[in-house]
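Peer 1: Fit chain G to the supplied structure of chain W, relying on the hints for placement.
Protein chains: 2
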Amino acid sequence: MSHPLFEKHRATLENALKAIQTRGYWAAYNEMPSPKTYGETAPEDGKRAFEAHLGQNFDLAQPGQAAWHGAEQSPFGIALNVQYPVCDVQALIDAGQRAMQAWQAVGCEGRTGICIEILDRLNKQSFELAHAVMMTTGQGWMMAFQAGAPHAQERGLEAVTYAYREQSFVPAETIWEKPQGKNPPLVMKKHFELVGRGVGVVVGCGTFPTWNTYPGLFAALATGNAVIVKPHSNAILPAAITVRTIRTVLAENGIDPNLVTLCVSDKRETTQQLVTDSAVKSIDFTGGNVFGQWLIDNCRQAQVYAELAGVNNIVIDSTDAYKPMLRNLAFTLSLYSGQMCTTSQALFVPANGIETEDGHKSYDEFCADLARAVEGFLSKPEVAHAVLGAIQSTDTLTRIEEADSGALGRVILASKKLDNPEFPQAEVRTPILLACDATDEKSYMEERFGPISFIVKVTDTAAAIALSERIIATHGALTAGIYSTKPEVIDAMTAATWRSKVALSINLTGGVFVNQSSAFSDYHGTGGNPAANASYSDSAFVANRFRVIQRRYHV
Amino acid sequence: MSHPLFEKHRATLENALKAIQTRGYWAAYNEMPSPKTYGETAPEDGKRAFEAHLGQNFDLAQPGQAAWHGAEQSPFGIALNVQYPVCDVQALIDAGQRAMQAWQAVGCEGRTGICIEILDRLNKQSFELAHAVMMTTGQGWMMAFQAGAPHAQERGLEAVTYAYREQSFVPAETIWEKPQGKNPPLVMKKHFELVGRGVGVVVGCGTFPTWNTYPGLFAALATGNAVIVKPHSNAILPAAITVRTIRTVLAENGIDPNLVTLCVSDKRETTQQLVTDSAVKSIDFTGGNVFGQWLIDNCRQAQVYAELAGVNNIVIDSTDAYKPMLRNLAFTLSLYSGQMCTTSQALFVPANGIETEDGHKSYDEFCADLARAVEGFLSKPEVAHAVLGAIQSTDTLTRIEEADSGALGRVILASKKLDNPEFPQAEVRTPILLACDATDEKSYMEERFGPISFIVKVTDTAAAIALSERIIATHGALTAGIYSTKPEVIDAMTAATWRSKVALSINLTGGVFVNQSSAFSDYHGTGGNPAANASYSDSAFVANRFRVIQRRYHV
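Taken in sequence, the protein lines are chains W and G. If you read the first sequence in our numbering, its first letter stands for residue 55, the second for the next number, and so on. If you read the second sequence in our numbering, its first letter stands for residue 55, the second for the next number, and so on.
Note that these hints are calculated values from the structure, not bench results. Keep in mind that a hint or two might mislead.
For identical chains, the list gives no copy identity; a pair is met inside one copy or between any two copies.
To be verified - Below, simulated SDA-like cross-link-like pairs (lysine to any residue); rule was C-alpha separation at most 25 Å, straight line:
hint	residue 1	residue 2
1	Lys-72	Gly-161
2	Lys-243	Glu-542
3	Lys-72	Phe-223
4	Lys-72	Ala-226
5	Lys-90	Ile-560
6	Lys-236	Pro-378
7	Lys-415	Glu-542
Bound conformation, chain W alone:
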């Protein structure tokens, strides 16, 4: 007797299983905010649903509630004033543990069906979620819609699909019949129960509160665990909307909604108490190295899946499409003002310049041309605002100021503050480009999150490839790129990325960008360098989130 929601979503699951096996293009949810897909009134309904949260208490009916809290500041400068329940951490953990028993009992198919139903329902809320993501993170509208809603949902579905593949491979039971020569065989019946490891905690980040949260959230949930979502203090609303929808769908299906709860607190100690609790068996984290390393060092009772800082970089050797390359780079550096964990921070250019179809370009010419390309790309205000969004944190504003001062390198292109007519208080900044020498490692060899990039002068391409490998192996990266017309250079870079374990984009000159990662096809993070110890998604991301508990007896 299959679970009705498993039957309902069987076709989606089968397509998703095919997608993770081929890693070709596939999507379950429309990335375009099309009224045809989402309904004629969806844009307006979603906006109203978002606005209805503002200035209100976001009730979730969670156990152990003691207070309300919320202090999100919109990078676009609008007033949010949403208050969220502050609940006793122990009450959330206890309730999650209790709810896990029925969640285990519903089985792999039931959990899979319910998780896909949740994603389906979240998809229907895409406009509401997009506004919440936009207004808490500073992403431009289209990015907030795509990355915040359908693309995040795809990443969630991808995790559910891997979780299903691993769990469904374990047989529920078997007959073990061992021949004994002329004697009757030994016969045993064995049952194999899939059991979640315990409570999972998912710690969100301030820039991608759904895209970076859904993989861990759905991986942990689908494999039978309770989940406590601990959002970034400035991007709670997208997580709260998500948690509410999950709780609704769980309750509809007879599962205690306290299986999934939201943990909001204004005290660092509360988070530390949560993540170090012995009942917490997995932690998914996206964010900075300081807290990430603290989690890894202190939460020894849990599996920690961490995405941390890195120094993404691109080696520029040569090209036969100079202008398209510059346009591609300009978009990459501008998108969401470089506030992506995948944005390139360091471009390595040989001291002697590069060959192009347009003739030789010196290092300085390349610097000037890239600066012009960025300026040109952002010359129309409506494009600039759509692409740049707003600066998410004051820390990033401070970093931009520091870079603009010339302290980190020669300023090739200064950052400009733009006025957004729609959101007069929005903090909008254009990218800053700095020139420096490969020896200036202190400048470019640590993550400087935000629209700050370095054009690093290296001896030659071989040195650039070696430098890229060393940076990635020691400081990590989620993305690397190479531009070259020479197969042997591409081969050398490819081999370097096998050693440093980073995803490589080669000669991107069209509508795909190094900082974009497509669910079901691109593995986000390899799990093999310091920028991330796990990947979205692969078998390793899900296989250790549940355990198989067997029992056996003679028959």
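Peer 2: The following block gives chain G in isolation, referenced to the frame of chain W:
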């Protein structure tokens, strides 16, 4: 163009894949030392091959060799005097890293084929390996043959099979074609390279130098890693024979044999240097808590797969097969003098006794009856010696003495020293049974490795189940058992094992024993309690030993 060894072993692999999916009975290698399978001269040839090692230098032609070392003491008292190469650790690591490139290039199918060929060749050496295992560990002959050779090989093959399943699921390449409405689609070619994480170290134990080494060794190897085998100082020979065969097969296939090396040293610091090296990315360990915990705490650069101590236990509520139950328990407690990580240490019996088909048995009657069953089972010397083997370490002899003194509980059955006519110097001991109260936690609630078991008096069955759960959750266990005629009791115990995450054997009264774990069917360890953080074998055991490194470009 498939690898010839992949083709050669394709049928074996396909059967193994079926076996891990059904987890029913299947075996690739004959567990009986049958001349029909192994050849008429195999027993004699194997014995001679073993004897040819004695008193010799075991040359492996490894890099960085500086000295010879070896000080294995046979529990059977025979002289071994084998000397092994002592190599510079850095030289082994560097050579392993260099060899990994070609190992990566041979691909998943090539690695799988070569690994199965290695296992096949080890299978042909089963008699030689069995003698080596017997004489270094003290196992009786039949156990040394089965657990030391075919069963260990099955566990190795099982790991290779899971590794193949995970690796082969990742496509080598794909075409990603994303529709763009009326515009031409975005088309990219993507390649996905399987890359081992780095050098794997496998730390062997003194009691099962192949059975507990092969899963990690073959899991790491099959997923593209170099492996350094660090055997227990008293059980080097089985590992050395294994490493030599692996190196031979690698060289035959054009792979640098330094991909797999043996690390022997008489200095603890050498091991510590090895396991904490930044190039070492996985460590498989079987052994005590002290060094195991040290590895987990100090080798933060590596994935540590650890099987540690535990307190295996059985709840005895009632039975309708009293004598068969006692016989089954007597065998379990006697086999290899309880020197198995799966041997039951604590039997929980209600203070009011148990119901049997033979009438009520008081706690004291059960104690006396089990003691008689053990005595009876071991009354024939040839049975006793075959089953008991010899005591592997002086620490275990010390523990037996301590237990015999009555310091840990009332002695129900004293341990006897038996004389083995074939090996006059063998240290042979029969099991000791102690009675104690559930409140005497200090006695029974830590692992007392060896033939020392406690019959613990508990208030009632419910208390016994709760105690079992608490012990397993806090101290770990690889095995748990229950005897009961009442379905509700079995259900309660089942639910307890789901929470404490341990494999449960129910009412074993025949030819299967709680301490036996059958490859391809029984998961050895759940990975969910303190006795082991991983299982032989499941997806989690292999999925994180390699990473997928992608590259993409427009087409």
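Peer 1: Give a verdict on every hint.
Peer 2: Now the hints, each set against the structure:
In this homomeric assembly, Lys-72 and Gly-161 come within 25 Å of each other (Cα to Cα) both inside a single copy, at 22 Å, and across copies, at 23 Å. Only between protomers do Lys-243 and Glu-542 lie at most 25 Å apart by alpha-carbon distance; the minimum there is 18 Å, versus 58 Å within a single protomer. Within a single copy, Lys-72 and Phe-223 get their C-alpha atoms as close as 15 Å, and across copies as close as 11 Å, so both meet the 25 Å cut-off. Taking the shortest alpha-carbon separations for Lys-72 and Ala-226, both the intra-copy value of 23 Å and the inter-copy value of 15 Å come in at or below 25 Å.
In this assembly of identical chains, Lys-90 and Ile-560 lie within 25 Å of each other by CA distance neither inside one copy nor across copies; the values are 35 Å within and 58 Å between. Taking identical chains as interchangeable, the C-alpha atoms of Lys-236 and Pro-378 lie at most 25 Å apart only when they sit on different chains, with a minimum of 21 Å there against 76 Å within one chain. In this assembly of identical chains, Lys-415 and Glu-542 lie within 25 Å of each other by CA distance solely inside one copy; the values are 21 Å within and 80 Å between copies.
Going through the hint list in order, the structure does not satisfy hint 5, though it satisfies all others.
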